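Each chain, written out:
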Amino acid sequence: MTGDRPLLEIRNLEVVFPTPSGTVRAVRDVSLSVNPGESLGIVGESGSGKSTIARASLGLIELPGRIVGGEVLWRGRPLTDEKTARRYRGRQISIVSQDPMAALNPIRTIGAQMTEVMARHLKLKKQQARKRAADLLEKVGIPEPGRRLDQYPFELSGGMQQRVVIAIALSCDPLMLIADEPTTALDVTTQAQILRLISSLQKELGLALMLITHDLGVVAGACDLLKVLYAGEIVESGTADALFHHPHHPYTAALLGATPRLDGRTDRLRIIKGHPPDLRSVDAGCSFSPRCPHSTTYCESEHPLLEPDSRGGMFACWHPRNRLEPRSVAQER
Amino acid sequence: MTPTRRTNHHLDRPPSHGWIKAVLQDPAALFGVVVVVVLVGVALLAPWIAPLDPTKQDLGARLLPPFYARGGSFEHILGTDQLGRDVLSRIIHGSRISLTIPLVTVTLAGVFGTAVGLLAGYRGGRTDTIIMRAVDTLFSFPGLLLALTILAVVGPGFWTLAIVLSLRIWMVFARVTRGLVLSAREAEYVDAAELIGASPVRIMLRHIAPNLTAPLSTLAVIESAHVILSEAALSFLGLGIQSPQISWGLDVAIGRQYVFSAPWLIILPGTAIAVSVLGINLLAGRLRIAADPQESAKRFAATAALPGAQSG
Amino acid sequence: MGRYVLIRLSQAALVVASVMVVVFVVTRLIGDPVAVMLPLEATEENRAVLEAQLGLDRPIFVQLGNYMADAVRLDFGDSLWQRRPAIDIVMERLPPTMVLVFSGFVLGLLLGAVIGVVAAVRPGGWTDRLSVLLGLLGISLPQFWIGLVLIVFFSVGLGWFPTSGSGSVSHLVLPATVLALPIVGRIALVTRSSMIDELNTPHVKDATARGLSRTRIVIAHAFRGAGIATITVAGWELIGALAGGAVVVETVYAWPGIGFTAMQAIERHDIILLQGVVLVIAIIVVTINILVDITYTILDPRVKFD
Numbered sequence: 006m007t008g009d010r011p012l013l014e015i016r017n018l019e020v021v022f023p024t025p026s027g028t029v030r031a032v033r034d035v036s037l038s039v040n041p042g043e044s045l046g047i048v049g050e051s052g053s054g055k056s057t058i059a060r061a062s063l064g065l066i067e068l069p070g071r072i073v074g075g076e077v078l079w080r081g082r083p084l085t086d087e088k089t090a091r092r093y094r095g096r097q098i099s100i101v102s103q104d105p106m107a108a109l110n111p112i113r114t115i116g117a118q119m120t121e122v123m124a125r126h127l128k129l130k131k132q133q134a135r136k137r138a139a140d141l142l143e144k145v146g147i148p149e150p151g152r153r154l155d156q157y158p159f160e161l162s163g164g165m166q167q168r169v170v171i172a173i174a175l176s177c178d179p180l181m182l183i184a185d186e187p188t189t190a191l192d193v194t195t196q197a198q199i200l201r202l203i204s205s206l207q208k209e210l211g212l213a214l215m216l217i218t219h220d221l222g223v224v225a226g227a228c229d230l231l232k233v234l235y236a237g238e239i240v241e242s243g244t245a246d247a248l249f250h251h252p253h254h255p256y257t258a259a260l261l262g263a264t265p266r267l268d269g270r271t272d273r274l275r276i277i278k279g280h281p282p283d284l285r286s287v288d289a290g291c292s293f294s295p296r297c298p299h300s301t302t303y304c305e306s307e308h309p310l311l312e313p314d315s316r317g318g319m320f321a322c323w324h325p326r327n328r329l330e331p332r333s334v335a336q337e338r
Numbered sequence: 190m191t192p193t194r195r196t197n198h199h200l201d202r203p204p205s206h207g208w209i210k211a212v213l214q215d216p217a218a219l220f221g222v223v224v225v226v227v228l229v230g231v232a233l234l235a236p237w238i239a240p241l242d243p244t245k246q247d248l249g250a251r252l253l254p255p256f257y258a259r260g261g262s263f264e265h266i267l268g269t270d271q272l273g274r275d276v277l278s279r280i281i282h283g284s285r286i287s288l289t290i291p292l293v294t295v296t297l298a299g300v301f302g303t304a305v306g307l308l309a310g311y312r313g314g315r316t317d318t319i320i321m322r323a324v325d326t327l328f329s330f331p332g333l334l335l336a337l338t339i340l341a342v343v344g345p346g347f348w349t350l351a352i353v354l355s356l357r358i359w360m361v362f363a364r365v366t367r368g369l370v371l372s373a374r375e376a377e378y379v380d381a382a383e384l385i386g387a388s389p390v391r392i393m394l395r396h397i398a399p400n401l402t403a404p405l406s407t408l409a410v411i412e413s414a415h416v417i418l419s420e421a422a423l424s425f426l427g428l429g430i431q432s433p434q435i436s437w438g439l440d441v442a443i444g445r446q447y448v449f450s451a452p453w454l455i456i457l458p459g460t461a462i463a464v465s466v467l468g469i470n471l472l473a474g475r476l477r478i479a480a481d482p483q484e485s486a487k488r489f490a491a492t493a494a495l496p497g498a499q500s501g
Numbered sequence: 495m496g497r498y499v500l501i502r503l504s505q506a507a508l509v510v511a512s513v514m515v516v517v518f519v520v521t522r523l524i525g526d527p528v529a530v531m532l533p534l535e536a537t538e539e540n541r542a543v544l545e546a547q548l549g550l551d552r553p554i555f556v557q558l559g560n561y562m563a564d565a566v567r568l569d570f571g572d573s574l575w576q577r578r579p580a581i582d583i584v585m586e587r588l589p590p591t592m593v594l595v596f597s598g599f600v601l602g603l604l605l606g607a608v609i610g611v612v613a614a615v616r617p618g619g620w621t622d623r624l625s626v627l628l629g630l631l632g633i634s635l636p637q638f639w640i641g642l643v644l645i646v647f648f649s650v651g652l653g654w655f656p657t658s659g660s661g662s663v664s665h666l667v668l669p670a671t672v673l674a675l676p677i678v679g680r681i682a683l684v685t686r687s688s689m690i691d692e693l694n695t696p697h698v699k700d701a702t703a704r705g706l707s708r709t710r711i712v713i714a715h716a717f718r719g720a721g722i723a724t725i726t727v728a729g730w731e732l733i734g735a736l737a738g739g740a741v742v743v744e745t746v747y748a749w750p751g752i753g754f755t756a757m758q759a760i761e762r763h764d765i766i767l768l769q770g771v772v773l774v775i776a777i778i779v780v781t782i783n784i785l786v787d788i789t790y791t792i793l794d795p796r797v798k799f800d
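Protein chains in written order, with our numbering: chain A, 6 to 338; chain B, 190 to 501; chain C, 495 to 800.
Rather than coming from a laboratory, the hints here were simulated on the basis of the structure. Remember, predicted model here, so these are calculated numbers, not experimental data. Any given hint could turn out to be false.
Stated by the list, open to error - The calculated DSSO-like cross-link candidates involving lysine-lysine, where the alpha carbons are at most 30 Å apart (straight line), are:
no.	chain 1	residue 1	chain 2	residue 2
1	C	Lys-699	A	Lys-136
2	A	Lys-128	C	Lys-699
3	C	Lys-699	A	Lys-88
4	A	Lys-144	A	Lys-130
5	A	Lys-131	C	Lys-699
Extracted from the complex, chain A is given alone in its bound form (with noise of 0.2 Å):
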């Protein structure tokens, strides 16, 4: 295996559900890419297009979805073709989505759920796959897996079905996983320990990972790459660090405003203003601009276009906050 070979590479990504009151613009011109072993963030409020990411990496767009343009690519190969989706999909890439109660079926046992993951990708037999099933349970800090394997969701707690939904995602020793706001249905201590789970295990396999929320606090101790992503478009992306400390975007440095602190400080609790736009009529100028502080008459009718900084990141912004050389500078030259 090559090691800088991105495992995913998403380039120039658009994607658009139509309704009957009009197409919606979910995903507009996103490109990334997760190197193995890698941690990647994304950040969003919610409908600015996070989980669609999330599937399309899975080659997974649900219709009356549609890719309309870009591509979506596993190690070179095109996930938006359903053959090739469908051998990585559980085997390579695996996802923990947000809420564990939907994400298993109520009426099947945790161990049909999970050594049937098994049998499909790894071929093994079904006292294999129930072995096997039960080391991952306890590997995911499950007390009893044995009993566990004959119990229906219900009988779990929250926490421990999101730790049921982890061991199925790597029960087959995936290159990356995909964590759609793995926390967001827990409650707060549950949410900690899930995190917890989340990246130790990835340190430990060697495992890539796309972490996609809405609370800056979770992707914090995380990830090592943020990308912030706002009405379907990347708004800023770069180093967790850089991102934190000196975040270009206004729309990051309001969404930092906008993170509780662990310490359990408030004060700096602050919402952001307005909603995110219609993404049925996209207008021509920065998206965030009738909620932006910052905003003028510039910004309301030129789209501000991804572009390197100084840290090795990119923003998309004609007013960035926290640059040392300002730009006005360097429009003037």
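Take the given structure of chain A and dock chains B and C to it, following the hints.
Chains B and C only, in chain A's frame:
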């Protein structure tokens, strides 16, 4: 959005789905509408459009085949029965029962059932428990057999038939209405209206009734199809409409004795029943989609997924 | 579990008792059983004799008490038509009905489920449209008519099956098919609808994301859930076939079952035999209801007896 902003992407929006437009685009629903319109029209205009008196016997012209069969003529387009009565005229007049029986039955059952459902859903508590328990008990009665017993004992007739048929249908209305009232009551605006002290009748009329109209009308259409089928079956068994009144089910029963020599006496009136009921069911299917936003979203998702199904 | 069964049984007993009361009220109070049973030329004396024989000269509550007490022991009195206990006739005629209803029900259930699943796999596609049309035809065609049409084509025209009667498998084909038709229709429509819902649940989407095959997802995940949702409707269809469809179909094909018997009893003004049929059917109907509930609790692990 602020009016000063330009819009550079105005993506294709499907045309606004008006009800009539939706029906016209759906051949099945269109068929349903045509059937219902024809049924109503024929029933209203029967004496004027029927070529002959449906009860006039002509023993010299018995069991004449319809035009498509050998020996058929255009004098009696759909042939004649064992008494020489014109089959087409009988089918045209038979439509009157197939229109009036469902109208009367569904009105009776709908009014009563809706009232019971409103009472149970709005009062809640013990009233609700007792009413719905009673409905559940009655609902597990062997319906048709009990209807047969009543008709056998009381004697058949138009009104007996209508009442017997409504005995089961009112429960469907009661259940559906109760469910709708319960979910409407959960809505915040009803809470708000109660808080400001609006009278129960006012809340019922202003806030709850509007939520009932669409689903209950759909239900009435669906149940009309049931009633037509049940009336035809009971008339066929000799316990529904009686001669000299004309019913399609009754005519099929008469034709039964001529299954070898005059099969059209079975096939033609039965086709009238089948087409009417199918038409009403197709229309009901479309109405259900129109009345239920979830259902229409599902349908949109399904059609949009089809290549070429999207209109710009 | 024991408590649950007890509650269900008492509910069932309540239903049967109410059916008894309703039948009593209908036959003795609304109608005039003596007038119905007697020939037109009967005298006042004939009338008095029959009234005494039926116990109609006693106070109404005594009559109801006696009637209930007898009915509980399945003693409905002697059939006026055949001059022997009504219950004996009912029991003789029950097995053919069971054969017919069971064949029709199983046929309808299987065919309906297959059509419903096929429709749901590609909603909006031509298979879906065709399946919905088939389903609507099933619930729209009058059974007595389609029964006669099949006789016209297959018995009279092609001579493949006998026109009526019973005794062999070829006698069973047409009536069972006709009985199955509305079941196919309703089960197909309900299965389709719950399959579409089930295929759109998050857990089915996640199963897809785990790379499971489409077949496995449709059968092991979606159909299992949809099947549970269909059980209640299947129960209603079984009851409908027994207490409704069977009367019509048996009459059309002269199938010597309980529904045909009911019609014969009505023709011969044999109220006692008719009562026997209605009550026995009522008992079977409540039994089916209990069985449906139990099946439900067995198949759905989330439902517990309480």
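Tested hints:
no.: 1; hint: C:Lys-699 with A:Lys-136; in the structure: holds, 26 Å
no.: 2; hint: A:Lys-128 with C:Lys-699; in the structure: holds, 22 Å
no.: 3; hint: C:Lys-699 with A:Lys-88; in the structure: holds, 17 Å
no.: 4; hint: A:Lys-144 with A:Lys-130; in the structure: holds, 21 Å
no.: 5; hint: A:Lys-131 with C:Lys-699; in the structure: holds, 24 Å
Checked against the numbered hints given earlier, this structure breaks none of them.
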